Amino acid sequence: MPLGSINDLPVSILNAREKEEVDIRLPKTLKPLHYVVKLQPFINGNFSIMGYVEVEIEVIEPTSNITLHIADIITKNETIKVVPSDNVDGPGVEVKQNLYDNDRNFYIGVLGEELELDKKYILSMEFVGYLNDQLKGFYRSTYTDEDGNKRLLASTQFEPTDARRAFPCFDEPAMKATFEIFLSRETSMSSISNMPKFETFP
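For the sequence shown, full-length UniProt numbering begins at 1 and goes up steadily by one.
None of these hints come from the bench; they were simulated from the model. Because the structure is a prediction, the values reported are computed rather than measured. Check each hint, because a few of them may be wrong.
To be verified - For lysine-lysine, the following PhoX-like pairs were computed, each having C-alpha atoms within a straight-line distance of at most 20 Å: (1) 176 with 38; (2) 38 with 197; (3) 31 with 176; (4) 176 with 119; (5) 31 with 81; (6) 81 with 96; (7) 119 with 28; (8) 81 with 120; (9) 76 with 96; (10) 119 with 31; (11) 38 with 136.
Unchecked claim - Distance ranges between label pairs, derived from CB positions: (12) 120 with 46: 36 to 44 Å; (13) 151 with 96: 43 to 51 Å; (14) 151 with 92: 39 to 47 Å; (15) 22 with 132: 20 to 28 Å; (16) 198 with 153: 19 to 27 Å; (17) 192 with 42: 16 to 24 Å; (18) 157 with 103: 17 to 25 Å.
Each residue gets a CB set at the ideal place from its N, CA and C atoms; glycine is no exception.
Please model the complete structure; the sequences and the hints are all you need to start from.
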């Protein structure tokens, strides 16, 4: 009895074998230039993170969408704004719709107009994150102090693709930018960074 050919297979099986590859890369229409990130982790509370991010972007190709990475974060959609860098107090660009592609960790802001080539804009938003226990993004862990007491700490692990778990960002190695980071903490706690501290207040 001759073996059947691939043409004899049911269509459903053929379709299952021909799964469309999902493009997980960000569009090349925008380039991040500078971030301002503000984080307030509640280490001794419910492990939530109150956050704010603004990122200056340059338009490489005209587009009416802003797509960046986000994972395990809830955006406060009423705070999302897009304004030209040279007119931050102006009316800005309308954000008509906020979409989320969980499979690709995408936030997609659908705009009311097209962003202009070579022009710079600032995207800003407030969000709520979570200090996870998975050693990813902005996470919680423990250490033992000099008296033998176990203490909580918050730390970061952004490589290779986990910065998106700390704040919305263009989380790809080629999309480099400069950063300004503000961290709120209890006065009894200390902060350690791999960059010099600029200021502490109040």
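Checklist entry - Is the straight-line distance between the alpha-carbon of residue 81 and that of residue 120 20 Å or less? => result At roughly 14 Å apart (the allowed maximum being 20 Å), residue 120 and residue 81 satisfy the hint.
Note to self: A range of 43 to 51 Å was offered for this pair. Does it hold for the Cβ distance of residue 151 and residue 96?
What the structure shows: Since the Cβ atoms of residue 151 and residue 96 sit about 46 Å apart, the hinted range of 43 to 51 Å holds.
Taking 20 Å as the top limit, are the C-alpha atoms of residue 38 and residue 197 close enough? Distance of about 15 Å is within 20 Å: holds.
* Asked: Within a Cα-Cα threshold of 20 Å, do residue 119 and residue 28 meet the stated pairing?
  -> Within the cut-off at roughly 15 Å; holds.
Point to revise | Restraint status (C-alpha distance of residue 81 to residue 96 at most 20 Å) | key: holds (11 Å)
For the pair we were handed, residue 31 and residue 176, check the Cα-Cα distance against 20 Å. holds (8 Å)
20 to 28 Å was suggested as the range; check whether the CB atoms of residue 22 and residue 132 agree with it.
Because 24 Å falls inside the window, the suggested range holds.
Q.
If I claimed the Cβ atoms of residue 151 and residue 92 lie 39 to 47 Å apart, would that claim hold in this structure?
A. holds (44 Å)
>> Run the distance test for residue 119 versus residue 31: straight-line Cα separation, threshold 20 Å.
In response: holds (11 Å)
* **Pair hint residue 176 and residue 119, alpha-carbon separation not exceeding 20 Å** => Holds, because 18 Å separates the two Cα atoms, which is no more than 20 Å.
Residue 157 versus residue 103 beta-carbon gap, inside 17 to 25 Å or not: Roughly 22 Å apart at Cβ, these two residues keep to the hinted range, so it holds.
Could one say that the CB atoms of residue 198 and residue 153 fall in the range 19 to 27 Å? holds (22 Å)
Violated hints for the displayed structure: none, as all numbered hints are satisfied.
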